[in-house]
Amino acid sequence: MMKQLMRKIAITVMMILGAASAANAQLKVDVTRGNVEPIPMAFPHFVPQGDAVTAVGRLSEVGEKMANVITANLESTGLFSAIDRAAFIATLSSDEIRPNFATHWRPLGTQAMVTGRLKLLSDGQVQVEFRLWDVLAETQMVAMSYKTPVSNWRRIAHVISDKIYSRMTGEDGYFDTRVVYIAETGDPLNRKKRLAIMDQDGANQRFLTSGDYLVLTPRFSPSQQEITYLSYFNNKPRVYLFNITTNRFEVLGDFEKNMTFAPRFSPDGDSVILTLSEDGNSDIYLMDLSTRNTMRLTSHPGIDTSPSFSPDGTKIVFNSDRGGSQQLYVMDRNGKNIKRISHGNGRYATPVWSPRGDLIAFTKMGEGKFRIGVMRTDGTGERLLTNAYQDEGPTWSPNGRVLMFFRTTPYDNNGGGGDSSIWSVDLTGFNERKMPTPFNASDPAWSPPLPLTRAE
Amino acid sequence: MKDGQAGLIYSLGLHVVVVTTVWVGMPFLSNERDIPSTIPMEIEFVDITEETIAPAQAEEAPKEESKPSPQKETKYAAAEAPAPAPSEAVPTLEAVKKEIKRTPKPTTKPVVTERQKLTARVRPSSKPKPPSRFKTTRLAALIDKSVKKEVQKTVEAEEKPKLKAPPKTTVPSFSALKAKLATAALQDALKSQIYGCWNIPSGVKDVHTMQVKVRVFLRPDGNLLRPPQYVDAGDLNAAGREGYRTFAESARRAVQLCAPYERLPMERYDEWKDIEFNFDASEMTG
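First to last, the protein sequences are chains A and F. When we follow the numbering used here, the leftmost residue of the first sequence carries the number 1, and every step to the right adds one. When we follow the numbering used here, the leftmost residue of the second sequence carries the number 457, and every step to the right adds one.
For the record, the hints were derived by calculation from the structure and aren't laboratory data. Some hints could be false.
Stated by the list, open to error - Calculated cross-link-like contacts (lysine-lysine; reagent style DSS-like; alpha-carbon spacing at most 25 Å): (1) A/K65 with A/K28; (2) A/K28 with F/K634; (3) A/K119 with A/K65; (4) A/K315 with A/K336; (5) A/K315 with F/K647; (6) A/K65 with A/K339; (7) F/K647 with A/K119; (8) A/K236 with F/K634; (9) F/K669 with A/K28; (10) A/K434 with A/K192; (11) A/K147 with A/K192; (12) F/K661 with F/K729; (13) A/K434 with A/K369; (14) F/K636 with F/K729; (15) F/K729 with F/K669; (16) F/K661 with A/K192; (17) F/K669 with F/K636; (18) F/K647 with F/K636.
Model the full structure from these sequences, guided by the hints.
Okay, structure coming up:
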């Protein structure tokens, strides 16, 4: 019996193998391994069509600066490497649209390249045109032209960077974005904390509040240029709403003697989810921004805080000490179906749902460290992305590929240390980079892509 | 009794080995998909690559096929066949299966004549003794000349399988094994080259579920005859397929960057002039 069965199995297997091998006159090769390396790209300076003088310098200088911003953006991802311009075999002329790939660019080892042209129009605006080329296939991958006041050159460079990034990776770019954060000045015991904003690459630093009152936990609306944050304005900790474009702020509901904190927008930007503390008990509430009606979502004697919506708006992740120690929980939008998802050693705080929906980032406290990690939304697949003394407060890039957080150095015996700065890290845990900020910086919040009024 | 027991144990052990090999090797027989699908693949590559990548081996294979095999026919091909096998677990298994498949063919054919059926019926239990059968058939031949030809044919048919059956079954499988090894050598040379050229876009969402086939036509000098083609990849520019397009483009770039494909044996050009690379990122932990 057994022998017959074995024989049957063997014959079946053999027939399958035989059929497979008989069918291919063509050689089949399975490729299951490769490398993960930056793709080499070339970014020649954008070429002016007539080197006119503009308000921000000669057109040729603008072309150089734009190419530099684009290069820095793409290199900062760790996915691309820029070929040194000093190694270029040829320079492009303003009437050359299609580069000579085979003789000038392929020998450099470049696999893709970006060319651009600038032209000053009679109305004083500048026309920027760029093309992304596949050097191996010798085809144009994407091309776009923009008309804008020349002062917007940096913005346009970010927009172009996004187009290149999205064509090369298949995902949305995140270069035309900004980051709000808390700028800290003064000695550690009497620190001024001001709301500040910068471009995603650290350019255009600006303060949004004066520093007379404490500001904490700024959070960007995922749909508008609006920020919600906690402020001790008039010495009362309350949640505020701040519109960047109109520069107006307003208090979010008046809860009299109660304290509100840890606000975050819903994905549609129409409501804010926050923590309200009443007689020492903290619970999570949802507030509709148009009606200002609040709905209580949790009611537990433990501390429930740091809520964050899933991108589809159906679920909320938060942290709670209801189980004895601080852990992450997921519940439905209405507060039902509360389920613990974190099960590792240590405590978990500040969960943030990825814009892609598949992961939750958090701060993990344990082994004498604060570290940034991610896990799947059911709590499986936990990975720590950083390993420094104190990293906390993760915020996602709008495409869910990069996280920013802030890092604090340990205090030393000479009264030094305790400095904080903003860092970014790739979802894979590679490519850790420090953001350039003029002062100590903490609690970053990444904006959604900036609105484009005139594009394509 | 003891012999029987030992035989039983031996056979049970063998079955366990074969069944587990099949179980582990054939993904559709097992329920756990994650781990087994990756681990056996790894083993497969390492072994073949090291064995076959040496150019000397790759050249040997085709030569041996034509000349020495007829000689071995008369010798102990059955005993020798396993010799090249130690390199691999998979070919051995196939060889074994081939033997199983081919043996029945020659034995069943001769048993056509009624005469034989009759003789089989007459003496069903004991193993047929060739001499005795000889006598009966010869007797028949003496009695009736009209059946002589037919009878003699069956005699030959009867005799041949006895002597030649083992060589016949093993020789084709041996050369098939050789050819398979040579093909594997080609595949491995190409694999090890393309590994260095493929830059996997590891950040693409669900990249570990992606797979793309790229077909290349090579000139004898190893350069691409024409631009590589995707096979059954559909419209890569369709909305919602941006991530897949990035993945597919990485594969296309790999085959372009890897050209010219050198170190391939000229005498096997027919085999490698048309290649289909199947890029599969399932081993990535996306």
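How the hints compare with the structure:
1. Taking the CA atoms of A/K65 and A/K28, the gap is about 48 Å. The hint is violated against a cut of 25 Å.
2. Restraint check for A/K28 and F/K634: the C-alpha separation of about 17 Å stays at or below 25 Å, so the hint holds.
3. Among the hinted pairs, A/K119 with A/K65 is consistent with the structure: their alpha-carbon atoms are about 15 Å apart, no more than 25 Å.
4. Distance hint between A/K315 and A/K336 is fulfilled; the C-alpha atoms sit about 10 Å from each other, no more than 25 Å.
5. In summary, the hint linking A/K315 to F/K647 is not supported, as the alpha carbons are separated by about 45 Å, beyond the 25 Å threshold.
6. As the CA atoms of A/K65 and A/K339 are separated by approximately 51 Å, the hinted pair breaks the 25 Å bound.
7. At most 25 Å may separate the alpha-carbon atoms for a hinted pair to count; F/K647 and A/K119 exceed this at roughly 48 Å.
8. For a cut-off of 25 Å, the pair hint linking A/K236 to F/K634 is broken: about 84 Å separates their Cα positions.
9. Under the criterion of a C-alpha separation no larger than 25 Å, the hint pairing F/K669 with A/K28 is consistent with the structure, at around 10 Å.
10. The hinted pair formed by A/K434 and A/K192 meets the criterion: a straight-line CA distance of about 22 Å does not exceed 25 Å.
11. Restraint check for A/K147 and A/K192: the C-alpha separation of about 42 Å exceeds 25 Å, so the hint is violated.
12. For the hint pairing F/K661 with F/K729, the CA-to-CA distance comes to about 34 Å; that exceeds 25 Å, so the pair is violated.
13. Between the alpha carbons of A/K434 and A/K369 the distance comes to roughly 19 Å, so the proposed pair stays at or under 25 Å and holds.
14. Simply put, F/K636 and F/K729 have alpha-carbon atoms about 17 Å apart, close enough for the 25 Å limit, and the pair holds.
15. As the CA atoms of F/K729 and F/K669 are separated by approximately 16 Å, the hinted pair is consistent with the 25 Å bound.
16. With a C-alpha separation of about 41 Å, the suggested pair F/K661 and A/K192 falls outside the 25 Å cut-off, and the hint is violated.
17. Of the pairs offered as hints, the one joining F/K669 and F/K636 holds, with about 22 Å between alpha carbons and a cut-off of 25 Å not exceeded.
18. Distance restraint check for F/K647 and F/K636: the Cα-Cα separation of roughly 16 Å lies within the 25 Å cut-off, and the hinted pair is therefore satisfied.
This entry does not satisfy hints 1, 5, 6, 7, 8, 11, 12 and 16, going by the numbered hints stated previously.
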